[in-house]
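Position chain B against the provided structure of chain A, taking the given hints into account.
Residues per chain are reported as follows:
2 protein chains.
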Amino acid sequence: QDWRSRGRAAILRYVLFKWTFCLFIGIVAGAVGFFNNLAVENIAGFKFVALSNLMLADKYWTAFWMFTGSNLALLMFATAITAFVSTAAGGSGIPEVKAYLNGVDAPDIFSLRTLVVKIVGMITAVSSSLHVGKAGPMVHIGACLGAIVGQGGSRQYHMTWRWLRYFKNDRDRRDLVTCGAAAGVAAAFRAPVGGVLFSLESLSSWWRSALIWRAFFTTAVVAITLRALIDVCERGKCGLFGKGGLIMYDVTAENITYHVADLPPVILLGVIGGILGSLYNFLMLKVLRLFSIVNEKGRAYRLLLAATVSIFISCCLFGLPWLAPCRPCQKDDCSSTSQSGSFMSFQCPPKHYNELASLLFETNDDTIRKLFSSGTNDDFQKSSILVSFISSYFLGIISYGVAAPFGLFVPIILTGASYGRLIGMLMGSNSNLDHGLFAVLGSASFLGGTMRMTVSVCVIMLELTNNLLLLPLVMLVLLISKTVADSFNPNIYDLILKLKGLPYLEDHAEPYMRQLTVSDVVTGPLRTFNGVEKVGNIVHILKTTGHHAFPVIDEPPFSSSPVLFGLILRAHLLSLLKKKYFQPTCTISGCDVTKHFVADDFSKRGSGKQDRIEDIEITEEEMEMFIDLHPFTNTSPYTVVETMSLAKALILFREVGLRHLLIVPKSSSRAPVVGILTRHDFMPEHILGLHPFLKKSRWK
Amino acid sequence: QDWRSRGRAAILRYVLFKWTFCLFIGIVAGAVGFFNNLAVENIAGFKFVALSNLMLADKYWTAFWMFTGSNLALLMFATAITAFVSTAAGGSGIPEVKAYLNGVDAPDIFSLRTLVVKIVGMITAVSSSLHVGKAGPMVHIGACLGAIVGQGGSRQYHMTWRWLRYFKNDRDRRDLVTCGAAAGVAAAFRAPVGGVLFSLESLSSWWRSALIWRAFFTTAVVAITLRALIDVCERGKCGLFGKGGLIMYDVTAENITYHVADLPPVILLGVIGGILGSLYNFLMLKVLRLFSIVNEKGRAYRLLLAATVSIFISCCLFGLPWLAPCRPCQKDDCSSTSQSGSFMSFQCPPKHYNELASLLFETNDDTIRKLFSSGTNDDFQKSSILVSFISSYFLGIISYGVAAPFGLFVPIILTGASYGRLIGMLMGSNSNLDHGLFAVLGSASFLGGTMRMTVSVCVIMLELTNNLLLLPLVMLVLLISKTVADSFNPNIYDLILKLKGLPYLEDHAEPYMRQLTVSDVVTGPLRTFNGVEKVGNIVHILKTTGHHAFPVIDEPPFSSSPVLFGLILRAHLLSLLKKKYFQPTCTISGCDVTKHFVADDFSKRGSGKQDRIEDIEITEEEMEMFIDLHPFTNTSPYTVVETMSLAKALILFREVGLRHLLIVPKSSSRAPVVGILTRHDFMPEHILGLHPFLKKSRWK
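From first to last, the protein sequence lines are chains A and B.
Here the working numbering is used: position 244 in the first sequence is 244, and no number is missing along the way.
Remember, the working numbering sits 1000 above the position in the second sequence when you count from 1.
If we strip away everything but chain A, and leave its shape as in the complex, we get (with noise of 0.2 Å):
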């Protein structure tokens, strides 16, 4: 039930809002992303200078404990802020998120003290060399900021402002957080198409033509702020390392050609990256179980898991390294302080540099763009390649079970990158495509494998790349490896969110759905309201059950018989018995009472702290009270016949977006409502909890 009476006025006053709170995530979340990216690449630009110069004065063991030290004490920074100010700011954030634009309000996920910890936390942990990435939380952030700009600010700092809080609809938050997320994705890829299409593809699920608009404006705002923001970068005001920019992988070469004859091995790569992508999955899924039981058992437990990894992956990093031989380098760029895109010498003599180096002692977009960049097919040795793939590749898992906030993409993209590059270095002469593009393609390749996303992965590598004519070879691998990954497992997000018990609902009914009705899932007692309550029976009830919608019933002498009048929510009856205006008898009051009432009591509150029934006061004279729910109650609720079938159920339920459906009996006899299906009703697990027999006809 809509409780505002729009005006002309107050449409025009809306479409500005929402257009002014686009324009403002977009600049914000492009700034945000900016910052980001230069704070890491500065902090750890200055840890790899330090850990060079100590390289080149043979202090070796410093440089180890230098090293090892640094990562240690930044990862454990951001394990701890995130364990004991934010949880819910660990991990990427893209499960969750893709959760929230289902439907599933998770709790603390969108909060002012969750994006602090989630930016701080992010900078810091991908300073700290472990194999993660940026682009994860980025969608995060930029989803915080869509909610709580949605909600005008954070309740529980009181930094809220009457005039900003407009939004006040799931729908309308709904819309902002998925803008959000597309501008986070924009900022983090410096893709505006592909944030919107990532949004779209994989997170949203419901989709509107007008809010691809929007956006797609937002995205828009992001890259012409990102674009301002680099120019004055390029004039040399940001640091030491600051030059390097957003990630953005130019492949140089402006002529690709190919024939029918390169297409062998890139279907090749493609069916690789799958089989990789899917094992990938299954093995970050049993590293994720593992370590969620330790993350379990306490703050401690997760600082010395956080410390264990950071030590042993600095170990890895550090010696990996010795096992490499040194080269000489062949041209002038092989500079002893490890700027970007330079050659590192670690052990080597001076005019020598070790390829192993080169590539574990950057940032990871470095090593991306070593990786993508052409005309490099000799700078690498294939063992060399071969070491970087297998540790990226098992570093990546075993990094994302520390409960800090980071991403997967990058790390993927890396490890896509340095297996491609190793199947162009095995084609050898078998193939004229450059090493580069088979890098590309590669992380391609293995982004289709692990995140099963089409369109929006081949709009992200090609706005990376910047290379159009890509499009023919990237869409072949991407589809390639999607398919044969998707006959394995599903797609790592869903892994993630299925293992955080997060009811999430899929937009399509299982086949033994079909064979049931809706009232053969409907469990335990109905709890149901008179259209004039006493106070105490709404009290008691609210008090001993959890449900968040009853439905009202009007009984004699209101009516005839029992009628349904409508459902009406927790939260409503909640603001009722605070605002205290009940009334002696049991009669209907008419309809000045709402005149008691502003729209605002009943919005929705924000993802912060809900109203709580023990929090409200009500002496024994008030028990004895009543409310007339008749105005408060949303008259219209969707309902649907007891023996409609649970799969066109899901249906309704899914597409027009519900949280509670009622279910009405058949015959006229019985009570007018029947039980009341939410989204937890629809979950497998619960279904076939109930039905047991069904799970051996699921095929059926």
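What the hints contain is simulated information worked out from the structure, not anything from laboratory work.
Backbone N, C-alpha and C fix where the C-beta goes; we use that ideal spot for every residue, glycine too.
The reader is advised that the hints may include incorrect statements.
[Claimed, not checked] Incomplete in silico selection of chain B near chain A, CB under 7 Å: (1) Val1193; (2) Ala1220; (3) Thr1454; (4) Val1455; (5) Val1656.
Same frame as chain A, now just chain B:
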């Protein structure tokens, strides 16, 4: 109700078929797009060469007659086959596809006959120097391919294959049509990502993530097919004019730079583009209204109208260049034969060229390529570009009124390009941007102003010009022009949809719908059937009403009180009557009755001929028999309570994609069904007709 019980093998086959069909659609759409293009290039090319030769020989009148005559002949042919063979092939077809994907089955739009007429008519119409394009028809052609493949061939021409007729339900067919439409755009613009986005943004009303992937696969196939065919053509096997290939405007300047100072002219372009675009829509609507009066009078009038338009346009095109002065050739490319990319001498002496002629006597593609090309700031004068802009603006509007198969995209791009270049010239030294870039941005702004698409147009422009660096500018221009134009009138396809009277269901409810309940808009007597119904009654009701579905109600003695059993479709009733499996008495026949029918009997027919009640002959004796409707009834139709708000019912109707929505009463004392809602009941005209007082409060 799903008549299939799927086994594992059936699912596998189903999935395999879906992908094979997409592959097939992709290949065929790519091939059709390519050959269309080739045919147009060759027919128009020969015409222009002949014209040029005659002009060189100073035979001006002969040239004029030749030009006008050939144009007339080509257009008359296109109009004639449209009028006599398939009326549904007229126009661009995009509104019809959009309506189909919204759930409106217009007759005959996806038949094989329409497809053939569309292809042939488009080639001739576009060759006839009308200001029309081939992108719109390509969308329709792709959609046709999808629909024909989906229904397993054309029933009318007995070209059906049983094993191909696998997709019987609406959803699968709609998916294929969506993929086909995406393939059409991809083939027309060589823009695979743009094609997917176009389908998504402006055609389809429902969308799922899985469908994005399938559409993307289809467009990838199109892209690869096109590339292969172009490879063949580049070896010179495609006739004299086949080398131009597809529309593909490489803006050759590789490093376009722009700064904040360049924004004002870009914003100006956007604003003017929006105003011109909405004016274009307005004028287009007027012309279409005017012309449709003539067109509806009969086929002869149609042909006459087409002839008039053709002669008028030929005169304009031939007359205008005389106004332009002759200019000396600067480079060597001033060849006398009007091959692609060259300048035309027209009436000028040798070594001179006529600017206007070189813009007008070309295929539209070549003109656009000329306008888009950079580094040609001095090739044209302001006056020529102005004349060319005005002529293409108005000739485009006039051309589209002719009832032949052609689209709007290319003329809009052309008009936008010339207007953008004009602005660029007027800017003079105030802007550093290249005039070719101005032309590109002008096209974008004009597309945004007329079609109001943002993301898809943006991506299509990028793929057309193959330059990702344009992205922020194109985005900006599109956003501004769409915003400006949206404040005047809706987009052109919606205008045409409304003009054609197709009941398109918007995805948002009008504000006044909140004030109504569903029972307010139900009209007319409701026809219901009993669970076991007399044949005579069925025949009578089917003959006297045009409804497509009827509620089935169980009355005593089959139940204790009247109970809604389900909904039966007209088509299913007709199949039952045809089978004549009647029973002599009024009893429930049991389950075995379904054995006499195979699922195919009830599968949805193709868009071709439908069964009609008049065609079924039933004897007097049979009229007295009964049919047990129970096994054939959809037992779980979607229902709403009569007090449900109309706005909410519309959301349900639209999001779930319904055709019929049953209204059940609130109190149990009345008949179990109150009414049935169809698409037409949600049309604003219908609602406002019933409740005229709402018109005033439309903004309340």
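(request) Could you tell me which of the numbered hints above are not met by this structure, giving the numbers in increasing order? (result) The structure conflicts with no hint, since it agrees with every one listed earlier.
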